[in-house]
Amino acid sequence: MVDTIVFVLAALVILSGALGVILARNPVHSALMLIMTLFGVAVVFVAQEAHFLAAVQVIVYAGAIVVLFLFVIMLLGVDQADSIETEPIGGQRPAAGVVALASVGLLVLLAVRAVQVSSGARSTSSALDGEGTNLEKLARVLFTDYLFAFEATSALLVIAVVGAVVLARKPAAEDVQDRKGVGALGRTRSGSGR
Amino acid sequence: MLHLLAQAEPFRSPTVDFHAFAPEIVLSVSIVVVLLVDLVFDERGKWATSSIAGIGLLAALVPVLTLAVDGADRSLFDGAYVVDNFALVMKALFLLSGYVTILISARYIAEGDYYEGEYYFMLLCSLLGMLVMGSARDLISIFVALELLSIPAYLLAGWRKRDLRGNEASLKYYLLGVFAAAVMLYGMSLIFGVTGSTILTEIGAALDGGEAPAPIVVVGILFIVIGFAFKVSAVPFHTWAPDTYEGAPTPITAYLSVASKAAGFVALLQLVFIGFLGRSDVWGPLFWVLAAITMTVGNLIALRQTNIVRMLAYSSVAQAGFMLAPFAVAGDIDVDRGGPLAAIPPVVTYLLIYAAMNLGAFAVVMVVARKTRSGELSSYGGLFEYAPGLAVLMTVFIFALAGIPPLGGWLAKFVVFRALLDAGTPAAIVLAVIAAVNSVISLFYYASVAREMWMRPVPDGDRAPIRIPASLGSALALAAAFTLLFGVSNVATRFGDLAIFGFLP
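Chains as they are written, first to last, in my numbering: chain L, 1 to 194; chain P, 1 to 505.
Because the hints were derived from the structure by calculation, they are not lab data. Computed from a predicted structure; not experimentally measured. Check each hint, because a few of them may be wrong.
[To be verified] If you want the ones that stay clear, here's a sample from chain P, every Cβ over 10 Å from chain L, calculated:
id, residue
1, R12
2, V16
3, I31
4, G209
5, G473
[To be verified] Calculated from the model, a selection of chain P residues having no Cβ within reach of chain L, i.e. all distances over 10 Å:
id, residue
6, S141
7, L148
8, V335
9, D460
10, L485
11, P505
[Stated by the list, open to error] Covered stretches of chain P, going by a simulated chain L footprint (3 or more residues, C-beta under 8 Å):
id, region
12, 73-83
13, 116-127
Beta carbons are placed, not taken as given, at the ideal position from N, Cα and C, and that holds for glycine.
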């Protein structure tokens, strides 16, 4: 009973969020509606006892990725009205319609098949056996079997920080003109052969 | 929360064999030192970073040697990280080619307007990823190693920040690289889904049993191989290579075409010959097609190039085709000739020899560009008249790449042909014929460089001799010595035969 109520509420949140994403006029509102959808999905994950996935959903998707979306939207300018009359790629509207129809057809097919096949039994791939929660087992594996990959990932973060600084840093004024050095070895415009 | 903690069994830290990790630890220490030196010293101290980076790489070679002397195969973290002969040979290759890259970088980076400390930091981080790749024997380690070696490479490709072509190089490499990584991850998740393990030996056992559903296995293997085909710039996934090679700083071009490509092959060797060993019916034809079109298309486009860096880029695409050929026929090699695993030594041998000759060719390109400021083929006119030593060296490297005896490239091609003929099936013979035709085609464009250097007049009449800086000179000497040594002795094939996996399914 509680399961059903949670599911219905979460589904309402997810669907209204998803509709909001495509219906909102303002791109910032769209991005915020997306967060709502992602939170709804996180609730469904919690209901399925996938606590780690729920946390990742909130932290990574709602936290990091949507913030990235917002950054891009803000950088491009919110009030800039895009003309949606001109199509950059010809025929993309009919193509989108065909793909959408095909996707809906596939979903209906899957749903029909699922009704025929499913036994109504609980999924066997729920929580792992043994002592402790899923989260605890995950942590244990991460810091034993996958310790090395975990540590190597930390090196990646340092690379990302240094790389971001290198890419973003503006040169000091006196550095702007190139000192003598071997420049590009690229082809000249005339003598190119691809 | 507290009651959960109370009932949890006490955490046992995993046993870590620090000797096995010593090369990575030494390299990590030098990475930190480079970063700190760059931070602490001002502009006058920056030159030290290249020396520290070089010394760090050589120091990391010491534990590789002690591990080789020790000889025992080590398996850590349930087989996710393995130090065996294969890993040691590949690590030595990565460290040495990284050292040569630093030698050819030193003057280029110091004289141009580049961030110096960060450059060596990125280069060392990328090499750390390669060391990890040599030992990574599970899907997660392979992926982390791939990212660790790729992300610094994306940045290094765009190190010439104020040059539009440099930006194009970096962006193209980055976008196609992450796209390939995504495809590969999808394949990995499918393989994990059907086998229930990320450890390659366990995947190998599960796939060999034939219980896994075939379509998913096929798609999984296909996607993983495609992901790495981008890394080794196999046709049709090579489109990034020429533009990236041309726009990147030349030392990085050398590095990408040698070390980065070798890392892609190392991952492919591990995945195919440990994880997918039993499914040669899936990857055999795939590699056949990749190898055939890679060498043909690479060579045909190389013929038309007028810029030496682009020509070397397409030539390295074509060379990758030769390295892919042993994969294609591995499944057909008889058990009394070594079975599928007999395809590993030719690839490793080829990688070793290719590293020496290609790094040498790029070193000459860099030396010549110091005078001519150009990468056009025509700027090599009359090189013999004012720089006979360089012309001879370039001829050695170029003809080695073409596969003329007694230079190194000859032996590399020979072992590949022997593997193809060992398999002996009609498909293998056809591939051998394609490879032979391609060797002849490649001679045309390699020889055109030699003709330019020996027979054409100096384009602008400037016959001032070229001064070779000490670091570039030693890089040239190292590359030339190895190219000749590999040609006249069986050192490379010995290392190739040594490079066997310690743990198989």
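Minimum C-beta separation from P/G209 to chain L exceeding 10 Å: can you confirm that? holds (21 Å)
Take a quick look at P/L485 and tell me if its Cβ sits farther than 10 Å from every Cβ on chain L, holds or violated. At about 29 Å from chain L, P/L485 clears the 10 Å cut-off, so the statement holds.
Minimum Cβ separation between P/D460 and chain L greater than 10 Å? The claim stands: P/D460 keeps its Cβ more than 10 Å from every Cβ of chain L (closest is about 14 Å).
Does the no-contact call for P/P505 survive, Cβ to all of chain L over 10 Å? holds (18 Å)
Test the statement that P/V16 is away from the interface with chain L: the closest C-beta pair must be farther apart than 10 Å. violated (8 Å)
With a Cβ-Cβ cutoff of 8 Å, does the region 73-83 of chain P contain at least three residues near chain L? Result for this restraint: holds, n = 5.
Just want to verify: P/R12 was marked as not at the interface with chain L; is every Cβ pair farther apart than 10 Å? Non-interface label fails for P/R12: nearest chain L Cβ at 8 Å, not farther than 10 Å.
Check whether three or more residues of the region 116-127 of chain P sit with their beta carbon closer than 8 Å to a beta carbon of chain L. With 4 residues close enough to chain L, the hint holds.
Can we trust that P/S141 is non-interface, i.e. its beta-carbon lies farther than 10 Å from all of chain L? violated (5 Å)
Is the nearest CB of chain L more than 10 Å from the CB of P/L148? violated (6 Å)
Does the claim that P/V335 lies outside the interface with chain L hold up, using a Cβ gap greater than 10 Å? holds (34 Å)
Closest CB of chain L to the CB of P/I31 still more than 10 Å away: For P/I31, whose nearest Cβ neighbour in chain L is about 8 Å away, the distance does not exceed 10 Å, so it is violated.
Figure legend: structure checked against the earlier numbered hints; hints not met, in rising order: 1, 2, 3, 6, 7.
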